[in-house]
Amino acid sequence: MRDLFTGNFGIDPLTGQPILSEIGFYLPNTLELVLVSFALLVIVGISLGYFAGMHFSTLGDSLVRIIYLTSWSTPMYLAAIVAILFFATYIPIFPSGGMYSLSIAPPRPMTGIFLVDSLLQLNIPAFVSGLQHLILPAAALAFVNFGLISRAVRSSILNVRWSTYVKTARAKGLSESEVRRKHILRNALIDATSLSAVMFGWLLTSTVVVEELFAWPGLGQFAFQAIYSNDYPVLIPIVVVFTIGVIVANFVADVAYSLLDPRIAMGGKSGSVT
Amino acid sequence: MAKVAQSLKFRQLILSSRLSTLGLIVVIVSVVLAIGFSIFGGRVTPYDPFALNLQQSNLPPSPAHFFGTDFQGRDIFSRVIAALPIDLGLPIAIVLLSSVLGIFLGMAAGYLGGIVDEVIMRVTDLFLAFPTIIMVLAVAATLGSGLVNAMLAFVFVWWPPYVRLVRGGVLEVAAEDFIAISKALNSSFRHIIMKGILPNIIPSVLTYATLDVGTALLEVSILGFLGVGIPPGTPELGVMVGSISYGLYTYPWQALFPAFVTMILVVGFSFLGEGAREASDVKVRPYILFRKRGLKPKTKAQGKEPTPFTHQGVINSDS
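For the protein sequence lines, the chains are A and B, in the order given.
Residues in the first sequence are numbered consecutively from 1, following my numbering.
Residues in the second sequence are numbered consecutively from 1, following my numbering.
The set of hints was computed from the structure by calculation and includes no laboratory data.
What you are looking at is a predicted structure, and each value in this text was computed from that prediction instead of being measured.
Built from N, CA and C at the ideal position, the CB exists for glycine as well.
Everything hinted at is true.
Computed beta-carbon distance windows for the label pairs: (1) A:SER57 x B:SER187: 41 to 51 Å; (2) A:ALA215 x B:GLY114: 51 to 61 Å; (3) A:ARG181 x B:PHE104: 44 to 54 Å; (4) A:ALA39 x B:GLY114: 38 to 48 Å; (5) A:PHE251 x B:LEU171: 22 to 32 Å; (6) B:VAL29 x A:THR70: 14 to 24 Å.
Build out the structure end to end from the sequences listed, making use of the hints.
Written out as structure tokens, the structure is:
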């Protein structure tokens, strides 16, 4: 038990290296992928949901709804395979796998995150190559998961759009863009925030499939290899790391929720809900 | 009599939305095909889904083989039909078992309260924190290959949301007056549970479960795709996609068709689930009925005040 908290996970029986240092090598790569994909997901998800909510009951609304229903019904591997086939094989604009091309000198590991390292060392070719390799897996990951966010944003916009509170804002003489930005969108973002933290956890676990298909040297692939070779001493720490990631994401969501929505207070002082 | 009327209305409600009708059609067709295949075997498929025919391997899609053939010359269309019993049966079994477990534990937690509630909910929270796919993979790998083991691995991580759902519902229902009256009338514990609480819980569980079958289907196929738990060579959509990773560039149809079929199945269950949710939402029901009869619900200032139907049920941000 003490070993768990001190991070002493022992030695990987397959490679003979300390498991902690192996996780330390793979984790930044996964974080890079997940963070970029998360940014994509949040931006696309919120803007589509906002668009659908503001154009309720129009053709655009139906289109967005069809898009997000398809999004969350798509198997992860289908999105990845379609991405590889179309954008790496038929129209070869992106590389189909790996994290950077082998002809490029990788930056020295500083933070461990490839893009950050190459930027810090002003290694522009490595940065560009890293970005090129990142786009497809990140987009595939984001596409499969953005649906729920769009749906939540759309629903909360519909809930707030015709409320008396927004009418009051208009009656006060606020400009339309101000009403939309400060009153409608801000309210809609409350739900999206809590949901996006949950999505972060999902993204983290979806990496098992994506990293396998895109040959991305991350924790997901590491986990998959450990499962495949029945390497339990390695698998258990990986599950622990993923679980910590999910718990942290949920915690951040709870805190963000209470910061955004003044009606929900943390602690027990003012009749709290959480 | 009253029950018949109610179920009739429910059917109408589901059929009132085009999307959920579409979902219902997809689900019914696939279930019929799955049952047909499990009874009649290879006689309902154009080719024997298990017969090897190496002379015809890797054929592209054609009128003779709608989806082409795989690397061992088996007809992919036939194999997709052969996969339906597993790809529908496994998720349905997972969801069924999880919901039974969830109803049992959730009712115990919600109705008994106290220390039982505390223990059950803390264990549930613990399980909720585990990342689903990874946990399923780990458990399935530990249990070894096999469909029953795969199902058990799923149930192991699948039940917690049901406990939460049921417990919330029980707490709501148990606070109602009719339960208090029932208690005052000295009804038996069993009577209160079976007649008072359970009927009020089932609809919400059913709605959630319909949507959940789609999610479970996705995850089952991911398990098959990664080749863990489900034995290789099984006609299962994910296994079919995963088994061709080397020939992806030359024979893409071998992966694309099973993957698209998976997507269509999941879309079917999502649409149906959304429709069921809309129909079971008390706030939305009257609006759908109005729409069905071509009437409009009373609204102030036609045009300015939006009719608040369709969105209320379709979206549910708290899930």
